[in-house]
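S.K.: Below, each chain spelled out in residue letters.
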Amino acid sequence: MNITLKVWRQKGPNQVGAMETHKMTEVSGDMSFLEMMDVLNGNLIREGKEPFAFDHDCREGICGSCSMFINGEAHGPGRNVTTCQLHMRSFKDGETIHVEPWRSAAFPVIKDLSVDRSSFDRIIQAGGYVSVNTSGETIDANAIPIPKHDADQAFDAATCIGCGACVATCKNSSAMLFVSAKVSQLSLLPQGKPESKQRVIRMVDQMDLEGFGNCTNTGACEVECPKGISITNIARMNRAFLSSNLTSK
Amino acid sequence: MLDSRIPEGPLAEKWNTHKDNIRLVNPANKRDIDIIVVGTGLAGSSAAASLAELGYNVKSLCFQDSPRRAHSIAAQGGINASKNYQNDGDSVYRLFYDTVKGGDYRSREANVHRLAEVSSNIIDQCVAQGVPFAREYGGLLDNRSFGGVQVSRTFYAKGQTGQQLLLGAYSALSRQISKGKVEMLNRHEMMEVVKVDGKARGIIARNLVTGEIERHSAHAVVLCTGGYGNAFYLSTNAMGSNVSAAWKAHKQGSFFANPCFTQIHPTCIPVSGHYQSKLTLMSESLRNDGRIWVPKSKDDVEAILNGSKLPTDLKEEERDYYLERRYPAFGNLVPRDVASRAAKERCDAGFGVNKTGHAVYLDFASAFVRYGKTEALTRGIQNPSDETIVELGREVIKSKYGNLFDMYKQITDDNPYETPMMIYPAVHYTMGGLWVDYNLMTTVPGLFAAGEANFSDHGANRLGASALMQGLADGYFVLPYTIGDYLADDIRTGKISTETQEFDAAEKKVKDEIQALISNNGDTPVDDFHRRLGLIMWEKCGMARNEKDLKQAIAEIQELRKEFHSNVLVPGSENAFNPELEKATRLADFLELGEAMCLDALTRAESCGGHFREESQTPDGEALRDDENYTFVSAWEYTGTPSEAKLHKEDLIYDNIELKQRSYK
Ligand SMILES: Cc1cc2nc3c(=O)[nH]c(=O)nc-3n(C[C@H](O)[C@H](O)[C@H](O)COP(=O)(O)OP(=O)(O)OC[C@H]3O[C@@H](n4cnc5c(N)ncnc54)[C@H](O)[C@@H]3O)c2cc1C
Ligand code: SF4
Ligand code: FES
Chain A
1 MNITLKVWRQ KGPNQVGAME THKMTEVSGD MSFLEMMDVL NGNLIREGKE PFAFDHDCRE
61 GICGSCSMFI NGEAHGPGRN VTTCQLHMRS FKDGETIHVE PWRSAAFPVI KDLSVDRSSF
121 DRIIQAGGYV SVNTSGETID ANAIPIPKHD ADQAFDAATC IGCGACVATC KNSSAMLFVS
181 AKVSQLSLLP QGKPESKQRV IRMVDQMDLE GFGNCTNTGA CEVECPKGIS ITNIARMNRA
241 FLSSNLTSK
Chain B
1 MLDSRIPEGP LAEKWNTHKD NIRLVNPANK RDIDIIVVGT GLAGSSAAAS LAELGYNVKS
61 LCFQDSPRRA HSIAAQGGIN ASKNYQNDGD SVYRLFYDTV KGGDYRSREA NVHRLAEVSS
121 NIIDQCVAQG VPFAREYGGL LDNRSFGGVQ VSRTFYAKGQ TGQQLLLGAY SALSRQISKG
181 KVEMLNRHEM MEVVKVDGKA RGIIARNLVT GEIERHSAHA VVLCTGGYGN AFYLSTNAMG
241 SNVSAAWKAH KQGSFFANPC FTQIHPTCIP VSGHYQSKLT LMSESLRNDG RIWVPKSKDD
301 VEAILNGSKL PTDLKEEERD YYLERRYPAF GNLVPRDVAS RAAKERCDAG FGVNKTGHAV
361 YLDFASAFVR YGKTEALTRG IQNPSDETIV ELGREVIKSK YGNLFDMYKQ ITDDNPYETP
421 MMIYPAVHYT MGGLWVDYNL MTTVPGLFAA GEANFSDHGA NRLGASALMQ GLADGYFVLP
481 YTIGDYLADD IRTGKISTET QEFDAAEKKV KDEIQALISN NGDTPVDDFH RRLGLIMWEK
541 CGMARNEKDL KQAIAEIQEL RKEFHSNVLV PGSENAFNPE LEKATRLADF LELGEAMCLD
601 ALTRAESCGG HFREESQTPD GEALRDDENY TFVSAWEYTG TPSEAKLHKE DLIYDNIELK
661 QRSYK
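Protein sequence lines, in the order shown, are assigned to chains A and B.
Under my numbering, the final residue of the first sequence carries the number 249; numbering is consecutive throughout.
Under my numbering, the final residue of the second sequence carries the number 665; numbering is consecutive throughout.
Since the hints were made in silico from the structure, they are not lab data.
C-beta: ideal position from N, C-alpha, C; glycine also.
Mixed in with the good hints, there may be bad ones.
As the list claims (entries may be wrong) - The list that follows gives simulated cross-link-like pairs (lysine to aspartate or glutamate, EDC-like), each with its CA atoms no further than 20 Å apart: (1) K179/B x D205/A; (2) K398/B x D150/A; (3) K355/B x D30/A; (4) K14/B x D485/B.
As the list claims (entries may be wrong) - Output of the computed footprint for chain B on chain A, the stretches with three or more beta carbons under 8 Å from beta carbons of chain B: (5) 84 to 91; (6) 95 to 109.
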């Protein structure tokens, strides 16, 4: 198939960017979106031009590196997939495809389609862990049975890949889905409970400090999240946050 | 001259005795000692977090934009531990034995036993961190089986075990970062090891965002930089996985052990086109429930290819479940090397079921029925119809492997709940790596290697679910202690300066190498060369190897390397974010490593584990080991040209296990 690409070109942080148009022929439906970008980049290099920079690593939807805003949707059309798992068969012959980076004040552009998401790391550093040392001298793993239902729910929340699609999708650039996923995972498990109050306060404070916006419950994040993280996590976190704030005052 | 420093005494007591006798650094002195940990996969994150907890000053690097994205994140199936929760006769000894046997008797007894000993602690540790492993209805941890063993000892979190374990280690790391005990350098690539007076005292790194070349000093350097499967271009590894850190260490004097020991994983999604950039694994855990087959008759193969028959049209007796036929004792759960070769054998004989001829079926139909029946009983459904049974069975399979089935559908556009998966072997893991002693130190004093980057525990073939175990064992429980033995001499050394001749020289070398690539007036992009290297490696140093091909491969790689350096085109600038330049520096190292792998494969004229020499096989086509001549680790010393490296042999001594020809029949 033939497609026309309009891709964001930005030389570096704080520089003015613009869309650039490229025509592609002989695109196979079995190519992943990133493989199509590889072909484009190969062509550009042979023509003596600079390729487009973009982040990627695992190419199987688990590392959370890839991050393109395609035709107005984070990770493009299709539900529960990342850009690296998107295949060209999802597009029509002759289609024009717009490719942009995540856009959020808390995710500044590094170059072209690549952005800086270290704000997510700092939120985790603020409290997204259980304070246990790694000596291995803890209790036996089966000493505390955990109801399967709780374990499964914690697992579902823990599958967040930290890609940032939720932020890129949200008109307020809110990081609530990401933060609530981690808070939920840990608060659903007995190991995470002792610190749950201070954890939620610290992580939310850090989130605000990084410049993420407020959540106005539009639910757009849940729709675009490649891992199907549910907004019930946000509700759970809000409850925890309120009660923590009340009790700590 | 190669001293593996294995402690004296009975096997089961070696590790404890060693820990009791090892030199320690007291907490106050640890504050004056700096350690660089390169890599944030399971091995690196766990090592950095644990070293920081002990009190050392740690600097940690990864090339991704976050430590959480290291390649370990992609591991699917599970992690082994000899907990014996299933009460099926598992024990430390059995895990040790299975791992040595699975490795085809080419690993060190003492290391493997230590691994088995600490395995249980790993699970305790991870659960304490909030890793949400799969559980049974009673609330206890669930287990599954992996290839090459007859017990159920694999802990898992659906098909995302690596993700959950890595996020656990990442959380421990994040905690130490927040305390200021670890300085985290994301988007940084180690480019060179710096030695001072023969000891590793730092590294040169490139800030991948700005292109700046930086100096970092330390009292010891730990490489947790993963495996080198991407020498084959197409593999299940992440795109950025590379050998550069290990290779630079090798060129600085660290011996490289068994480079030809690579693991070809039997169940991956087959190649679909020339633009293909990577291959996707379908976890080994699927072989718990999936049955592997090809048609018995070539007419049926033909009919399937021309579309006149569907695989589901073939009756049981028309299918060749070739693993169950050849290996009745282990069936579909034979080890990876055996399963891969068997698939190749069938496809080479003309029974491949896709248009490239390189695919076999992995079929869940009978599992749907089996699980469906049990599920109907537990739900109290009387006389369920066949459809109901299959439907219920599909739900059970979905709960076990849902994400893998989704991934398969997404990539192939086929629905594996309706039609069998098509799979083929692909490069997956590298057992070879930097040679290390019992303390995980390479032959360069002060330079350590952990995780997939070292060679130590898996011999010639790794059993499923044991890489995650090894990475975390090394990082949480081994290295943090053994490194003290070396650092005990450094408590009075003081800060290592970066303003020295050694750092000057190393920095200049790195800058010159980058300059040569950037200012090269070539016309061919990096990927083109990488694809060509991959093809040479796959065809001549892949699932089956022979003397003639290997010699030819060495010549071809040397030629390709020359062409690369004269003709590669790297766009952009060295002083900016430049992913093409990153690829180029990594490929330059793969082009040297490939030659070393072929040399190693050439000198090992026996078959063992993943290394199958066509010249060394039994009459029925099984791998034939030669214990008399090859019961050793090949540790290579760099001499200037990869294929002229000097061989050092570490003899492997088996005091506790009797060497047998492996049989899974
Ligand atoms: C698809 C897949 C599934 C798997 N499933 C399983 C499984 O179910 N069970 C199992 O036991 N094993 C499994 N494995 C194997 C296992 O995942 C790996 O062997 C293991 O995770 C390796 O961990 P590591 O810490 O050694 O290295 P990695 O996780 O590869 O980490 C390497 C780190 O080094 C960094 N790095 C590399 N080079 C440099 C450099 N020059 N400068 C700076 N940083 C650098 C990277 O940024 C990264 O942080 C699987 C592997 C694959 C590919
Ligand atoms: S919640 Fe979903 S969209 Fe947001 S970072 Fe996690 S996986 Fe990505
Ligand atoms: S590249 Fe890893 S999620 Fe897309």
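S.K.: Against chain B, does the region 84 to 91 of chain A show at least 3 residues with beta-carbon separation below 8 Å?
M.R.: holds (count 3)
S.K.: Given the hint that K355/B pairs with D30/A, does the C-alpha gap stay at or below 20 Å?
M.R.: With Cα atoms ~14 Å apart, K355/B and D30/A stay inside 20 Å; holds.
S.K.: Is the hinted pair K179/B and D205/A satisfied, with a Cα-Cα distance of at most 20 Å?
M.R.: Between K179/B and D205/A the Cα gap is close to 17 Å, so the pair holds against 20 Å.
S.K.: Counting residues of the region 95 to 109 of chain A that have a beta-carbon nearer than 8 Å to any beta-carbon of chain B, does the count reach 3?
M.R.: Violated - the region 95 to 109 of chain A has 0 residues with a Cβ nearer than 8 Å to chain B, which falls short of three.
S.K.: With the threshold set at 20 Å, check whether the alpha-carbon distance from K14/B to D485/B stays at or below it.
M.R.: holds, 16 Å
S.K.: Could you grab the alpha-carbon distance between K398/B and D150/A and see if it respects the 20 Å cut-off?
M.R.: The given pair, whose Cα atoms are some 19 Å apart, holds under the 20 Å limit.
The structure is inconsistent with hint 6 alone, although it conforms to all the rest.
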